[in-house]
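From just these sequences and the hints, can you work out the full model?
Note that the protein sequences, when read in sequence, are chains A and B. Counted from 1, the first sequence has number 362 at position 363 by numbering that gives the first Met the number 0; the numbering is strictly sequential. Counted from 1, the second sequence has number 183 at position 184 by numbering that gives the first Met the number 0; the numbering is strictly sequential.
Hints are computed from structural coordinates only; laboratory data are not their basis. As the structure is a computational prediction, the values presented were derived from the model and not from experiment. For every residue, glycine included, the Cβ atom is placed at its ideal position computed from N, Cα and C. One or more hints might be untrue.
Chain B residues, not near chain A, derived (Cβ > 10 Å throughout) [said to hold, decoys possible]: (1) Lys70; (2) Arg83; (3) Lys86.
Which stretches of chain A does chain B cover? Using the computed rule of at least three CB atoms under 8 Å from a CB of chain B, they are [to be verified]: (4) 122-131; (5) 437-451; (6) 503-514; (7) 625-637.
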Amino acid sequence: MDFSGRLGGRPRGGGRRDVDEFGRERRLVAGRLGGRPRGGGRRDVDEFGRERRSRPHNRKPYERPTRGGRGGPSRGGQHDESKDIETRLSSLIIKVGDKNTPTLQNNLEALSVVLEKDYVKHETTVLRTFRQCILELPWKVTVYSTLAGLLNAKNNETGSKVVALMHGVLREALAKGDWASVKVLMRFFALLVNTNTIAASTLVSMIGTFLQPVADIDGAAPVVSASNSCLVFVVMSTLLWGGRALQDRAPEDLERILAVVEQYVSKHAEANQSNNLTTVFHDAPPKGANVLAYLLEVLRAVAENGWRIDAIFAPYEMFASEFAQAKQHELPALALPADLAPGAYYTPSEFLQLVPSPAEQSVRKYILQDFIADTITQLEGNRKDCAKYLMQIHGLCNEDVCNVMTAMQHPDDADLESSLVFEYLMAEVLFSFLLQLPEGLYREMYYTSLAVELRKAEPQILAGVFEAVVENVVARAQSIDVECLNRLSNWLAVYISNFGFQWDWAKWSSIGSEPEDSPKRCFLQETLLKIIRLSYLDRIKDMLPDGYESLVPAKAPSHNFKFTVQAMDERTREVSVAMGRCLKGKGTVEQALEILTEHYARWTDVDDEARQSLAREMLVEHVLLLGSKTFSHMLNAIEKFMPALQQFGDTPEARLHIAKVTEDFWLKNPQFFAITIDKLVNYRVIDPITVVEMLFDPAHMGTWNRFYYWEILRNTVNKVNMRVVQLQGRLEAARAAASAMQDDADAANGSEQGHESIEQVEATLGQMVQEQRDVVVSAARHFVRFLASGELSESDRAWLLGRFKEFLRSYRAQVMDNAETLESLVFAPDASDDVRLAFDNVRALSA
Amino acid sequence: MASAAPFDSTSVLSDQFTIVPRLDRPSTYKDHQYNGTVEQWKTDLAKTTTLYVGNLSFYTTEEQLYEIFSKAGEIKRIIMGLARHQKTPCGFCFVEYYTHESALECMKYVNGTKLDDRIIRTDLDPGFKEGRQFGRGRSGGQVRDEYRQEYDEGRGGWGHMRAKQEEERRRQQEESYEAIATIPAGAELKINSRIGGPVGSRNTSAVDDGDKEMQ
Numbered sequence: 000m001d002f003s004g005r006l007g008g009r010p011r012g013g014g015r016r017d018v019d020e021f022g023r024e025r026r027l028v029a030g031r032l033g034g035r036p037r038g039g040g041r042r043d044v045d046e047f048g049r050e051r052r053s054r055p056h057n058r059k060p061y062e063r064p065t066r067g068g069r070g071g072p073s074r075g076g077q078h079d080e081s082k083d084i085e086t087r088l089s090s091l092i093i094k095v096g097d098k099n100t101p102t103l104q105n106n107l108e109a110l111s112v113v114l115e116k117d118y119v120k121h122e123t124t125v126l127r128t129f130r131q132c133i134l135e136l137p138w139k140v141t142v143y144s145t146l147a148g149l150l151n152a153k154n155n156e157t158g159s160k161v162v163a164l165m166h167g168v169l170r171e172a173l174a175k176g177d178w179a180s181v182k183v184l185m186r187f188f189a190l191l192v193n194t195n196t197i198a199a200s201t202l203v204s205m206i207g208t209f210l211q212p213v214a215d216i217d218g219a220a221p222v223v224s225a226s227n228s229c230l231v232f233v234v235m236s237t238l239l240w241g242g243r244a245l246q247d248r249a250p251e252d253l254e255r256i257l258a259v260v261e262q263y264v265s266k267h268a269e270a271n272q273s274n275n276l277t278t279v280f281h282d283a284p285p286k287g288a289n290v291l292a293y294l295l296e297v298l299r300a301v302a303e304n305g306w307r308i309d310a311i312f313a314p315y316e317m318f319a320s321e322f323a324q325a326k327q328h329e330l331p332a333l334a335l336p337a338d339l340a341p342g343a344y345y346t347p348s349e350f351l352q353l354v355p356s357p358a359e360q361s362v363r364k365y366i367l368q369d370f371i372a373d374t375i376t377q378l379e380g381n382r383k384d385c386a387k388y389l390m391q392i393h394g395l396c397n398e399d400v401c402n403v404m405t406a407m408q409h410p411d412d413a414d415l416e417s418s419l420v421f422e423y424l425m426a427e428v429l430f431s432f433l434l435q436l437p438e439g440l441y442r443e444m445y446y447t448s449l450a451v452e453l454r455k456a457e458p459q460i461l462a463g464v465f466e467a468v469v470e471n472v473v474a475r476a477q478s479i480d481v482e483c484l485n486r487l488s489n490w491l492a493v494y495i496s497n498f499g500f501q502w503d504w505a506k507w508s509s510i511g512s513e514p515e516d517s518p519k520r521c522f523l524q525e526t527l528l529k530i531i532r533l534s535y536l537d538r539i540k541d542m543l544p545d546g547y548e549s550l551v552p553a554k555a556p557s558h559n560f561k562f563t564v565q566a567m568d569e570r571t572r573e574v575s576v577a578m579g580r581c582l583k584g585k586g587t588v589e590q591a592l593e594i595l596t597e598h599y600a601r602w603t604d605v606d607d608e609a610r611q612s613l614a615r616e617m618l619v620e621h622v623l624l625l626g627s628k629t630f631s632h633m634l635n636a637i638e639k640f641m642p643a644l645q646q647f648g649d650t651p652e653a654r655l656h657i658a659k660v661t662e663d664f665w666l667k668n669p670q671f672f673a674i675t676i677d678k679l680v681n682y683r684v685i686d687p688i689t690v691v692e693m694l695f696d697p698a699h700m701g702t703w704n705r706f707y708y709w710e711i712l713r714n715t716v717n718k719v720n721m722r723v724v725q726l727q728g729r730l731e732a733a734r735a736a737a738s739a740m741q742d743d744a745d746a747a748n749g750s751e752q753g754h755e756s757i758e759q760v761e762a763t764l765g766q767m768v769q770e771q772r773d774v775v776v777s778a779a780r781h782f783v784r785f786l787a788s789g790e791l792s793e794s795d796r797a798w799l800l801g802r803f804k805e806f807l808r809s810y811r812a813q814v815m816d817n818a819e820t821l822e823s824l825v826f827a828p829d830a831s832d833d834v835r836l837a838f839d840n841v842r843a844l845s846a
Numbered sequence: 000m001a002s003a004a005p006f007d008s009t010s011v012l013s014d015q016f017t018i019v020p021r022l023d024r025p026s027t028y029k030d031h032q033y034n035g036t037v038e039q040w041k042t043d044l045a046k047t048t049t050l051y052v053g054n055l056s057f058y059t060t061e062e063q064l065y066e067i068f069s070k071a072g073e074i075k076r077i078i079m080g081l082a083r084h085q086k087t088p089c090g091f092c093f094v095e096y097y098t099h100e101s102a103l104e105c106m107k108y109v110n111g112t113k114l115d116d117r118i119i120r121t122d123l124d125p126g127f128k129e130g131r132q133f134g135r136g137r138s139g140g141q142v143r144d145e146y147r148q149e150y151d152e153g154r155g156g157w158g159h160m161r162a163k164q165e166e167e168r169r170r171q172q173e174e175s176y177e178a179i180a181t182i183p184a185g186a187e188l189k190i191n192s193r194i195g196g197p198v199g200s201r202n203t204s205a206v207d208d209g210d211k212e213m214q
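Rendered as structure tokens:
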């Protein structure tokens, strides 16, 4: 905050006089607000989110006003004075404490004076800005808790309003199951004890609410579950910041809380001892696998240091005398959400160790990475600003806590062994989120485009940092979880496609000589395939150095139409030519069917079944050829010939045949294969179970390392799950509509209709749930069978086992819904031990 | 100890204010051919599954679009924007998802990233209507390519107006230009100095005469 220089020189007591007249303060601030407001609502960015510079095309006739439409403040000439003041007030709150400077103390003091004075006039602005600062700028929590304390010390009523508001926000976050916000808010309340704004006993009772389900009731041991782990994690995060105050003011309570936490963590560790279902790196020391145990270690280390956290500047220490006179506020009791699904709880995430770091700095490292993680989570709505703010987090660090790289520095020159390097801490958190198992809080694409923004913000530094971290992970490809390797591949393809495909390709050229299904080679090959999907083959080929010939396809992806130059007998050619002419000439479905019937009727030497099969293949090949130009052509072709295709897909075997013909047609274009299968399911030409059967075709043994099979499996299961969820929604809506109608006595007819539709929806939902069950059970059966068969090579089996684990943990809810059926499969006498273990693990995971 | 004052939660608790503006909000653009009120436009956008996608290269394929846009959710269809007369891609498209959430996630994660080395721009759109797949510029392409002054390889070179001008220049030049047979020697500095240039006995090498000097 650069107004420090101006206010900084003034004696503390003088602050009040300086701002007696608001005009003076405003003038003081106006100059610097004239620049780019970093946090304000108005953004000086163009339509692509780039900072607006004087580019010629900014003056185009088609140019749009800035995003949000709020033009510059001086436009229109007439100012809304009060709005202006509010914008400035807001901006002051947002910017305070951006840096740990010697003047921060004065800034806080001055700001609290301004706020205290203007609070009544601009209550809403102050409160909502304050609320968002806590939620959106989580790394400045020490600053905002101090500011809240100062406000409270100056004016008890204002303090009461702030505390009550934040407590309301906390209650709301709890009710919604927004655990990330709950964690951030609880940290704020923990720090409020230091400023005498709330009593230690208030914090203790808040923590008590979280520990209620965990606490030892009547001597019974606590139950290890997803919800309890989440609650304990929140409590530990709170203790990290509240421990100091509690030790001073409520040491017995602190000890009691710690005992409960320790008991739970040891139970949790016991229960998860052999659980490697969500382990990212199988070569990592066990420490990383259990984040609760690790956090407890951090807590113990902090406790030993007198609960002092020295990584981040804590301004409240400088206002002890003011806080001593402050009045504390009581708060109403919190309530935990009663009806959240197990999946709605926050999975505490570990921070992966991807680069070396000094072991004696592990507490500081955790504190910083925790802030980085909270910021990434809380600013998900705007990755561009998130990237900018992330680069500021170290601004509040105490001296010597971490190094920040400079553009001149080569990433390899950073001394990671002896000090913490901020950029690497950030990269580790980003990749920890990307690789989080069973799944991250947000889509993978968030962590991809966030990385793109970070690199755009600091091109010289972060390009090297990301490259170094990715290389480290790929070097451990042998022991990384299969799904994680797949995610990293997706990430890398999109990431480098945003930077002209620049990468140190030469470094990896020796991978081309590794065995065909080695993890490293598969990773590289699949990544290149994805890059080609995002671009085109020639472009990528030209860019690759020698040694890559065996890693990219020789030819651009294409179809594999069966009835072309291949040796065909005369009568097959006749049908094919007739079909081709008919479809190309925009012939109707009936005409096409007629051609098939007419021709194959003459084939009296083959039986009905074989004729049907031949006709089916002919139809599917030609429909696919008709649609082979683009995605839209494919949709059109399938849409148009849907009745014929459905007619030919009248049995499970027939549908499997259609799927296999499709696979053969797109043998050299996995992307189109996946798309076509997807759309055939959408148009109900084949059903989801067909896709599962097709994927587990024994012909695919030896190629389980290919990523696109599993892309197709995921797409299919996701689709089935989505249909169930949508139908459940429709059913609820139909029920609500029906009951509303029943209330309305006049609409007797309508009520009947509503009733009918409820039954319809219920019936469809029943079918869908059955379909879901079939898909999950069938996929699991195939997995177990292949893994037990002994027919797979060791490496092929490892790939398949990895995908089995992915399947179990991704669809654990559906797996547990069918636990009994699956158990009888998994615990069949011939099933293997690792399969059983995986199943036991998924049970523990979904407890 | 004072009890915290009761707080009117409806005013501040529920407002949508954020410090960091969210990226999943529509821009202020409103299609002037949209058939409805501003309010309707807004309600349409609040539940839409469709995005307008701009700044594409003319050569970007549907499959490339599918690859990047499916990162935000399952795609229902893609409608390529075409030049009205030639029926060739003219640098925009509509992407329709199955859910509104996918459209929002696309705004957050895909908007502003690069495809085919170009930064693509997405905006929430009330939904595709027949006819909207065609460019609205006078030449059949997009309006932005009508007036564009820069050369853009991915979007057909010069903007349409500029292309016409360039074409006209080329035509005029071809008509009037006659290649020269002998290259003139040019006046020596000594002679040139009579009209006020620097007087000096230093030789001509001080003046860069390019290739002539080498001969």
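>> I'd like to know which numbered hints this structure contradicts. Please list them from smallest to largest.
In response: The structure breaks hints 1, 6; every other hint is satisfied.
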